[in-house]
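Residue numbers (our numbering), protein chains in the order written: chain A, -18 to 116; chain B, -18 to 116; chain C, -18 to 116; chain D, -18 to 116; chain E, -18 to 116; chain F, -18 to 116.
Read the hints as simulated data drawn from the structure, not as lab findings.
Just so it is clear, CB atoms sit at the ideal spot from N, CA and C, and this is done for glycine as well.
It cannot be assumed that every hint is accurate.
Just a few of them, taken from the derived set where beta-carbon distance is under 10 Å, the chain D residues facing chain E [as the list claims (entries may be wrong)]:
#, residue
1, N60
2, I65
3, T69
4, I89
5, L91
6, A92
7, R97
8, L98
Okay, the calculated beta carbon distance ranges per label pair [unchecked claim]:
#, chain 1, residue 1, chain 2, residue 2, range
9, A, D111, D, V25, 22 to 28 Å
10, E, D44, C, V25, 22 to 28 Å
11, C, T7, F, Q36, 18 to 24 Å
12, A, P105, B, S80, 28 to 34 Å
13, E, F12, A, D3, 46 to 52 Å
Protein chains: 6
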Amino acid sequence: MASVKLLGDEELCPQARAVFDDIRATRKNDFVNNFWRALAHDPVQLERVWSQVKQVMGQGALDPLTKELIYVAVSIANNCEYCIGSHTAAARAKGMSNSQYHELLAVIALASQTNRLATALRVPLDERFDNPPEG
Amino acid sequence: MASVKLLGDEELCPQARAVFDDIRATRKNDFVNNFWRALAHDPVQLERVWSQVKQVMGQGALDPLTKELIYVAVSIANNCEYCIGSHTAAARAKGMSNSQYHELLAVIALASQTNRLATALRVPLDERFDNPPEG
Amino acid sequence: MASVKLLGDEELCPQARAVFDDIRATRKNDFVNNFWRALAHDPVQLERVWSQVKQVMGQGALDPLTKELIYVAVSIANNCEYCIGSHTAAARAKGMSNSQYHELLAVIALASQTNRLATALRVPLDERFDNPPEG
Amino acid sequence: MASVKLLGDEELCPQARAVFDDIRATRKNDFVNNFWRALAHDPVQLERVWSQVKQVMGQGALDPLTKELIYVAVSIANNCEYCIGSHTAAARAKGMSNSQYHELLAVIALASQTNRLATALRVPLDERFDNPPEG
Amino acid sequence: MASVKLLGDEELCPQARAVFDDIRATRKNDFVNNFWRALAHDPVQLERVWSQVKQVMGQGALDPLTKELIYVAVSIANNCEYCIGSHTAAARAKGMSNSQYHELLAVIALASQTNRLATALRVPLDERFDNPPEG
Amino acid sequence: MASVKLLGDEELCPQARAVFDDIRATRKNDFVNNFWRALAHDPVQLERVWSQVKQVMGQGALDPLTKELIYVAVSIANNCEYCIGSHTAAARAKGMSNSQYHELLAVIALASQTNRLATALRVPLDERFDNPPEG
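Excised from the complex, chain A in its bound form (with noise of 0.2 Å):
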């Protein structure tokens, strides 16, 4: 069970209520999800996640699938259960292919390795990757 209850659209609010619309329109969909049911018993903390949600997640320098990848990868990392399951979903969902699900793990198997071996024999930094770019 959650650690507070998940609010249906009745027991909202009007200022989760209106994100929730905006959730609903951005989305071209009517369904939301748990995270923001749960989310929703603060309205400031709500609005702060989703307007940030929606600043980063969109098109940028960098495409939807891939901020999508990176999430998921974040996600695995720091062991968020409900976050894995759900950003692999937008994933699919954003055009993930099989393929590409496999290649993303592969990597997150990797990296969660040499990230240990490097922490365990405290490697220095090569002086050549030390040196932040200009600009």
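Position chains B, C, D, E and F relative to chain A; hints supplied.
Quick look at chains B, C, D, E and F alone, frame taken from chain A:
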């Protein structure tokens, strides 16, 4: 200082030397970074990790830059300072622009935040996200 | 299912029974939660953990509710589902209001985000923050 | 060295400059620490993170020192060296005493320990902890 | 539910089937656990992970039970519920006694605690610990 | 620099001094490493942590070197640079060979990888692994 001595080329055993030769040939670059010089004490592990890098990070259903971005994201979530430094440099070398870098960080920041919120609220996965695809 | 059987009162060895008695007396409550029933297989560890809880979580320079909020925050960052559930309940029992709960989550969400950004950017600590206080 | 150049005041674009002005005005202090100088390469992210800090960390249902303690706790659990250093300093500036600091560490140490034990033992959440509060 | 369908023996492609045959032959046991049934969608990854398990987990300078204990410890620190369950069972199958299990947990609990204290206090490594061994 | 001043022997309060005396007597070694010098500001915590180290790390059902390997593994998974350095040195002092060290790293690398794969794939625990042993 590293947990082990970083091996110079002249200190490598023949099996490690062969891996270094392959790293240089594959990357078309004489430079071999510190990670491999620390791993080279265990040539079996060196060979295993390098062959995995070679298999996983090349062109596939995902392109090499996308894979590198995923690698950086995992390294940040896992707090591996060496890997953050070296793979951010690798991503730039593969063409990551400043805008792409900023968007990468924005996605990681967002996911880190929502990961903890979903975990805190123990949000149950929506039924529609909880069915594996066919095939 | 737990990794070990959760022990009922009648299954406790005398040393574990004595710890359970102290838990009940200290909390003025007959209920002993599952964590202790799993730990009770190793009465030495049970006694060590319980005595640390007793020493640390009471009134001191920080009040018990503040300590409980810190406990919940760490449990969320460490992804311990049991601890999130039980210590969120404990915080409510010690008086945490809904508004305080929402602010707790907002701080955790913010810190999770800035933690990863500072790590990603490998920001060096400002000199003025890097000197330990006297005494 | 940081992953990006830390920007001096004279290197800021107008949007970043405006955020720095607000940081200085809000804190009534001319000093702007390195975190913001690294973030300033992406003025949109800079503005978003700063506005969240401003909204979240002020007086609310929890007082600013309690929030700072929670921030430090999360930063320790997330292993962010920069954030540990800067927010421990911030907590001291907001009045954290040595005794409070020691108790903060004691709670974090205790929770880190019980988190892993509960995870290892896969303890199921007690039914009485598993119901969200009304409202 | 898993993120992918767990494949039955009759659903395996020939390459995955060959890996399953090797798992069964190596373990002298017909049972193949769910982890491999999920991985089997990507036979290349399946083969890579299995061959690594075979190389690493057998008798070497460390005996198989010691390796299994290390595996369980890492899985607990990484919060992998599946791996905690399956490798705790594997450790028991390799002869881990109840006393050894309790001591394993005690070491993990202790290290989890001192890890966070050393991180919080930003303790610098003693010079005498900071020199790699010869050879 | 550490978050607190590392205390010299002449700066210890009597209670901390007594713990240092016990550390020296137990280890039959005059050297007291930095971790204890940082903890010594809070003699209650110092005493609690040291007495736990003494209880847990000695000979038991597991031998001291095996415990030290587990300690190093947890410290790597938790990213504690100080603990990795000091406990790798401790493991060598207790007889860890180079081959054992390489195998330790290989197990950690493998587990880190499979942990993330099992988490990503949300693999359900096999029924046969999910029953606690008798007794």
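Hint check results:
Interface restraint check: D:N60 against chain E, minimum CB-CB distance 6 Å, threshold 10 Å, status holds. The closest approach between the C-beta of D:I65 and any C-beta of chain E is roughly 6 Å, which is under the 10 Å cut-off, so the hint is satisfied. A cut of 10 Å between beta carbons decides the hint on D:T69: the least distance to chain E is about 8 Å, and the hint holds. About 6 Å separates the beta-carbon of D:I89 from the nearest beta-carbon of chain E, less than 10 Å, and the hint is met.
With 10 Å as the threshold, the beta carbon of D:L91 comes within range of chain E, its nearest partner Cβ sitting at about 7 Å, so the hint holds. For D:A92, the interface hint holds, the least distance from its beta-carbon to any beta-carbon of chain E being 9 Å, beneath 10 Å. The closest approach between the C-beta of D:R97 and any C-beta of chain E is roughly 4 Å, which is under the 10 Å cut-off, so the hint is satisfied. Against a cut-off of 10 Å between C-beta atoms, the interface hint on D:L98 holds, since the closest Cβ of chain E lies about 5 Å away.
Take A:D111 and D:V25: their Cβ atoms lie about 27 Å apart, and the range 22 to 28 Å holds. In this structure, E:D44 and C:V25 meet the distance hint of 22 to 28 Å, their C-beta atoms being roughly 26 Å apart. Judged by the Cβ atoms, the range 18 to 24 Å given for C:T7 and F:Q36 holds: they are separated by roughly 22 Å. With their beta carbons about 30 Å apart, A:P105 and B:S80 fall inside the hinted range of 28 to 34 Å.
Taking 46 to 52 Å as the suggested C-beta distance range, the pair E:F12 and A:D3 conforms, at roughly 51 Å.
Comparing the model with each numbered hint stated earlier shows that all of them hold.
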